[in-house]
Every structure is written in structure tokens, then in C-alpha cells.
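Chemist: Make the full structure from the sequences, and use the hints.
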Amino acid sequence: MTERMFRIILGAVLLLLLYLSALNNNDELIKIYIGILLFEGITNWRVPKLLTLLKNWIYYPQESGLPISEQISSKYRINFEAERALRLVIALVLLIPVIFQVDIFWIIPWFVASLLLLAGMTNICPLGMFLLWLGFK
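My numbering puts the first residue of the sequence shown at 2, with every later residue one more than the last.
Errors might be hidden in some of the hints.
[What the hints assert, rightly or not] Across the chosen pairs, the derived CB separations fall in these ranges:
# : residue 1 : residue 2 : range
1 : Trp58     : Tyr20     : 31 to 37 Å
2 : Ile79     : Ile125    : 19 to 25 Å
3 : Ile79     : Phe40     : 20 to 26 Å
4 : Met6      : Val99     : 24 to 30 Å
5 : Asn80     : Trp107    : 32 to 38 Å
6 : Tyr20     : Gly136    : 36 to 42 Å
Derived from the structure by calculation, the hints contain no laboratory data.
For every residue, glycine included, the Cβ atom is placed at its ideal position computed from N, Cα and C.
Modeler: What follows is the structure in C-alpha cells.
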């Protein structure tokens, strides 16, 4: 699964969870979603990579091993992946309305979900490009 497809899935799932939480007046599903994003951002264990490793382990148990770590390149100023930082930023932005519970903040998660969906469809993510410009790898 590519990062582009995963962004589409992230945006669509967030839109669905926001709709369900608006119907039930309960934000527990959003908190679980934020927890998954924080887990992926902190540990760098991405759901697409884990699913691919699990699939390879099931079909080829003798051949699959631990993935080889990437070599550190000197062209990056910050030795931290931009996609990983993107997930952390998304999770932190989604925490704002959950923590502060102000009525005007209801638009923030909807805005994030629509931008994630749009970034997945067009493969243009302004935040990702900004993080790359800052020097993330």
C-alpha cells in the first residue's frame, strides 16, 4: 500500500468517524484514531508496512526477516521522516478540539479529514512538502 492510498484511507476513515461521533455525540472513536496516529508517528511502525510484513510472514515464513534499516543520508538536515512527522502533526492538530471542547473548534477535524482526502487523491500534500522543505527526510 502506498502512502498516497493510505492518506485517502486516513481521510475517509476520519470523515466516517467524525460523522459517527456527531450522530452519537461521543468522541471516543476519534480518540482511538488519534492514538493510532500517535503510535505510528512515535514508533514508525506504519500500518501498511506492518500489514505487508504480516502478509509476507504468512505466505513465506522462512524467507521473511526483519527489515533492513535505511542508511542515514547527509543531505537531510533532520534525521526524521516527513511522513512520520506528518502523522504526529495530524494527531496533535486533532487533539486541539478534543482537549479544549470549544464549539468553534468543531471545524478543525473536518478540515484535516478533507485535506487528507484531497492530498491522497492529488498526491500533493502541502504539509508534507513543508516538512520536506524544513529538512525532514
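Chemist: If a hint holds in the structure, say so; if it doesn't, say that too.
Modeler: Here is what the structure says about each hint:
no.: 1; hint: Trp58 to Tyr20: 31 to 37 Å; result: holds (35 Å)
no.: 2; hint: Ile79 to Ile125: 19 to 25 Å; result: holds (22 Å)
no.: 3; hint: Ile79 to Phe40: 20 to 26 Å; result: holds (21 Å)
no.: 4; hint: Met6 to Val99: 24 to 30 Å; result: holds (27 Å)
no.: 5; hint: Asn80 to Trp107: 32 to 38 Å; result: holds (37 Å)
no.: 6; hint: Tyr20 to Gly136: 36 to 42 Å; result: holds (37 Å)
Every hint, counting from the list given before, is met by this structure.
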